[in-house]
Amino acid sequence: MKLLSLTSALCLTAVLSAQDLTPKAPPQAGPIVIENAILHTIDAGVIANGTLWFEGGRIRGVGPVASELGIPPGAERVDGRGLHVYPGLIGANTRIGLEEIEAVRATRDFDEVGDATPEARAAVAVNPDSTVIPVTRANGVLSVGVIPSGGLVPGRAAVMQLAGWTWEEMAVDADCGIVVEWPSLSSRRGRDDEERVARALEQRATIDAAFRDARAYLEARSHDPALATDVRALALAPALRGEEPVLVRADNVEQIQSAVTWAVGLGLRVVILGGEDALLCRDLLRMHDVGIIVTGTHRLPKRRDAAVDEPFRLPAELDAAGLRWCLASNSPFYNERNLPYHAATAVAYGLDHDAALRAITLSAAELLGVADELGSLSVGKRATLLLTDGDPLEFTTEIRRAFVEGRAIDLGSKHTRLAEKYREKYRQLGIERK
Amino acid sequence: MRFAGVSLVLCALATAQTPPSNGPRPVDPGWHALTGGTAIVQPGRSVDHATIVIRDGRIASVRENGPVPPGARTWDCSGLMIYAAFVDPHVRVTVPREESTSAVEHWNPNVLSHRTALAVGLDPKRAATLRELGFGAAAIAPDDGIFRGIASAVSLDEPGEGESRTVLKDGVFGTIGFAPLSEPRGYPSSQMGVIALIRQTLLDAQWHQRDRSTLRPFLDELAPRKRALLFDTRDELEALRAAKILQEFELPGGLIGSGFEFRRLDAIQATGLPVIVPLAFAPAPRIESIDDRERVTLRELLTWEHAPTNPRRLIDRGIVVALTTDKVKPSKFWTQLRRAFAFGLNHDQALSALTTTPARLLGLERELGKIEPGYRANLLVVDGRIDDEEAERRSIWVDGRRFELEQPPEIDLTGRWTAALELGGAQVDRIEFRSNQAAVVHAGDAEVEAKRVRVRERQVDVTFDAEPLGGAGLVTLNGVAESTRMFGSGVAADGRRFGWSARHTGPLEDDAKSKDTDAAETTPPRLDITLPLPFGAYGLTEPPASERLIVRGATIWTSGSGGILDDGVLVADQNGKIEFVGPASALPAGTTGTTIDASGLHVTPGLIDCHSHTGISKGVNEGTQAVTAEVRIGDVVNPDDVNWYRELAGGLTAANQLHGSANPIGGQNCVVKLRWGVSHPDAMKLDGAPPGIKFALGENVKQSNWGERHTTRYPQTRMGVEGLLVDRFAAARDYAKARQRDPSTRRDLELDALAEILTGARLIHCHSYRQDEILMLCRIAEQFGFRIGTFQHGLECYKVADAVAKASRGASVFTDWWAYKFEVVDAIPSNGAILWETGVPVSFNSDSNELARRMNGEAAKATKYGGVPPSEALKFVTLAPARQLGVDDRIGSLEVSKDADFVIWSGDPLSSMTRCLATYIDGRRYWSIATDIEARKSAAAERERLIQLVLGLDETAFEEVSEPGDPTRLDELDNLPGDCGCCQEVAR
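Residue numbers (this note's numbering), protein chains in the order written: chain A, 1 to 434; chain B, 1 to 988.
In short, the hints are calculated from the structure, not lab data. We treat Cβ as the ideally placed atom computed from N, Cα and C, and that holds for glycine. One should not assume that every hint holds.
[Said to hold, decoys possible] One-sided and incomplete, this derived list gives chain A residues near chain B with beta-carbon spacing under 8 Å: (1) Ala-103; (2) Ala-307; (3) Pro-332; (4) Phe-395; (5) Ala-419.
Put together the whole structure using the sequences plus the hints.
Given below as structure tokens:
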């Protein structure tokens, strides 16, 4: 337990700054084995009293019988008796690292100037020293989708693990998809005025043109390699080749329908980001096998007359409809730590508990295209996992330890250090609850 | 009424001065007799074969078969109906500020109480339009601002060149509107600000009666009871707010209605006020796309369905109703009036509302509204009853002068006409005229719709295509019609001329006729059904029942001395108070009542949100000034906000409605219980809650995140915030002393509220973040000798817990929000726990319609981030806020004699996977899963029923009937997007 004692000592050095000073863990040095724990593998059920070991940042063995796992002698042993192991939770829809203080413009790096800026890459702007990172990790969210937003094609999303000295070390997939903000013809309230509809249609044409122009450019360039470099067109190439999905933000029925038809028509792989009305176009979504990243259950019902629990119930109903979906949060970037409670609410309103866990782990990894790296306790994947004293969906559950790609994570943060600092004040003053 | 008397005389003189005529003087004998018609001399009384004699603009006599005096000009009205011309009690006219104001002005441009509509009078075109609609007199009133000015009754005659319009009565009432001027922008911007300005101005008017040291014409005009005040309302809640103001100041007055009164009929009836009712019924909502279908609200649909019943419903309740052309396009007035008839308004009711009632409201009941000797000769001649769909207005008389209106066609061709004309293969044998504009030409079994039909006087022109009839090309028929015969000449496609004739041989077959009249008429809804409250989905038709309840078998979290009871029993008495709470074993034998089996479930006190902006109408901030202590959330409680219902579904039973944080001293709070479905908004208020007020510190009040334009309002720094607060408290102290010395000192509602803070009667709820500003307010409180209510948000209270404990009732904080602006960089989720550890009273609040539905989960975060024991954590959202709000004698814990406000949960209330099953307030079940499922079903069925109706409507049903800017859809107006300034959405 050398690592643990080291980190707890560092916890006491209270450092206060917008730059986070939580110590960073080094890459995994030697094999670590977690014994006698309840392993929630996600893709292979629950192993009541199992063993899991990892080395070089990768899971090497998972199973009920330790002796069959080929654990090398001398591995660091972690006693998991009475504890649970889960893959790290994945927050699929965040701006972590792109934003530090919402109201301070200088700290906002998620919205580039221009309607279509596919060259803008989220990964390269993620600040590895954001104070938000340790706070997010402390509640079990160990990887995130970082999604640029604003405009029409705001840029390229990335999947980042919440540990590493640089954004490069953090990147699980630095280019996991092109984000498209699909304009809605209808407003949330009030009537659709013609002006609004005309503007939205024009914007849709702009998006379409960006992709079609890029395709034409790529075709031209393949015949004339001397053609000048168009960074925007090149940025769209992987999506046009079907190697990367387009993550299309769409919530209203008509918005989802038109977005899917557009993307399918262009031969793009489409994932819907939002999907509040997904149930109303389930057949279309099923037909094209469109994945849906549901952005949170903690929102008000979409419409005045909607059932009070409509957002709470959406995941259960998507699941029952057999759609491909995962759950993200709609929390502001600084409160991605509440992701598990979005899932918990879905459970309270009808979603199977296992499905809820999968929705914020493996399903999220699948829709972000990183299921070979993250999302379950499976051999070969990154050793990004949690050791808890209970169900991570429950408020009072404590995350005991966390590993990101095998690195033992300091679960302290600016928040824990500030709490400790001021508890010390009251100790000095002799103030306590009577 | 001296001033009114004087001006009347002046006006009489003015009209007596005729300009010199250009040439020989015109002489009008002014002597007429209308004979043979049926005179409706007043609603419900008619004289057949009436002879109405008019002399010099007045009615001289009305007699059945009366003689025509020699010398009078006779007008044959046989077969016609003669009504008293209508009186419009509210016609708005635009009076530019500069037209009517003087050097002595109120500081606020919205106060123009001394402005008079007569400064501009009524444009002749508009007078003509009103005449065409059947009106002979109207009250004209200025139309913008809050205190808009003085209305006067005028004749709708047509003054000659150089003459002025006859003024029937100067100064019939003053009008007040709820919409502040859009230009110049400034105070007030919110509805509560508008009401505060009205209240202060009316108080000033009282005070001005005693203190006449300065000329204040705008206050003279508002002298108590000088004249009636009419409030122009845009929805039914504004109507109730207007009524409260009139009641508070014991002023005579009335309402210019919105047309939405039917949505809160009981409460409107209880005001006892007369209502001037517009006919601007909301058009049907368009439903084309699936988005439309999903988005349309039952409230919108029901409003469309029931709006035309509004006049009838109001009259049935004994409310004094006058109808007006206000708020409806003139071209739609009669179609809307006929809709009202179709929806239950009857002839005599309508007539009263158009004649005698408005005449009485204007104090002209001896001049207008009836056909009686001595009355003004204002008559409307119609060729049928006004409730007859087909009736046409023929002429209108105003002050003895006749104006011709629509004349009947010389001839009506409708019917079957037999003809015989040979058109090169086509044997035309019949023409069926559906009207004077449409006809079908028949040749044996073949038929063709005429392309064009025109009838001018007796001249008939028809064009049709002969080809479908076996002929060729377009044929025109031209001729003249007599009563049953028609003859003329025609031209065939080849230019051949021919003669033709036709004979009227009977009426149209029914099926032919029905083609013309099949415009889908919706069936009017029944008038005897009870409309839901709030109006729309999830509304109630009766309040939840009150009965003795015994809740058994649950784990009861009392938040009180009882702690957590494993097998507890809770008994609520019939009056909604807790009668017993304790272990089952201690329940007195023989306790009977309706038993709720809650075995395996959990019960907690109703949750309390100490910081809510739910249900605040039309503006959460009066942020136009740094200090607005005079505005009151209690003036603008909106019981229709569906978020109340959603919050009930999360176990919330009480909320502290707060002003936003746009200014250092905001408005007064309102503590409510979530009594969904109340008749009057005031019924939501928690009686006896100590008054409070919102204060705010830091970035919001410094306008730090409002953009570069906002850099001039004081304060712009935390230093200035302190300076301003000290100044205001010093001013309040001086003011209180002055009022004590001399009770006739002018009352200032802003300083009143601040002085109440100094006496301890009013609690400050202070939006605050940083420890420096928190400590600053603690020191001010010390200096001025009062105790603070709460620090709201107080995200750095954990840094100065000792000071907070000493100076206040503690902190009401967010659990885990941070990083949304610079001043919250040090916010930590253990704030609540640290405060609790150090003995500071602490509650968690939502500041959010969404989070307010999940406050039990927020409580759990006290356990999560600091290990507060669960029973104590729950108190963060029950007993602690109740104490901070000073209502813990009533709510916050389950203890005997407190209110039976409780929630039944599916499991441990602090679990993330627990659901609220039922919510009780005052022992009444306001929400439960079962009742909610029923409500959803019935809302869905109602929506489908109405959507079916809407889908079948003609295009006309969707046309706007109101002038632009008039609200026919309240929901666009109400609940403007929140600008509370303290929630994260706004900081963005």
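Hints and how they fare:
no.: 1; hint: Ala-103; result: holds (4 Å)
no.: 2; hint: Ala-307; result: holds (5 Å)
no.: 3; hint: Pro-332; result: holds (6 Å)
no.: 4; hint: Phe-395; result: holds (4 Å)
no.: 5; hint: Ala-419; result: holds (4 Å)
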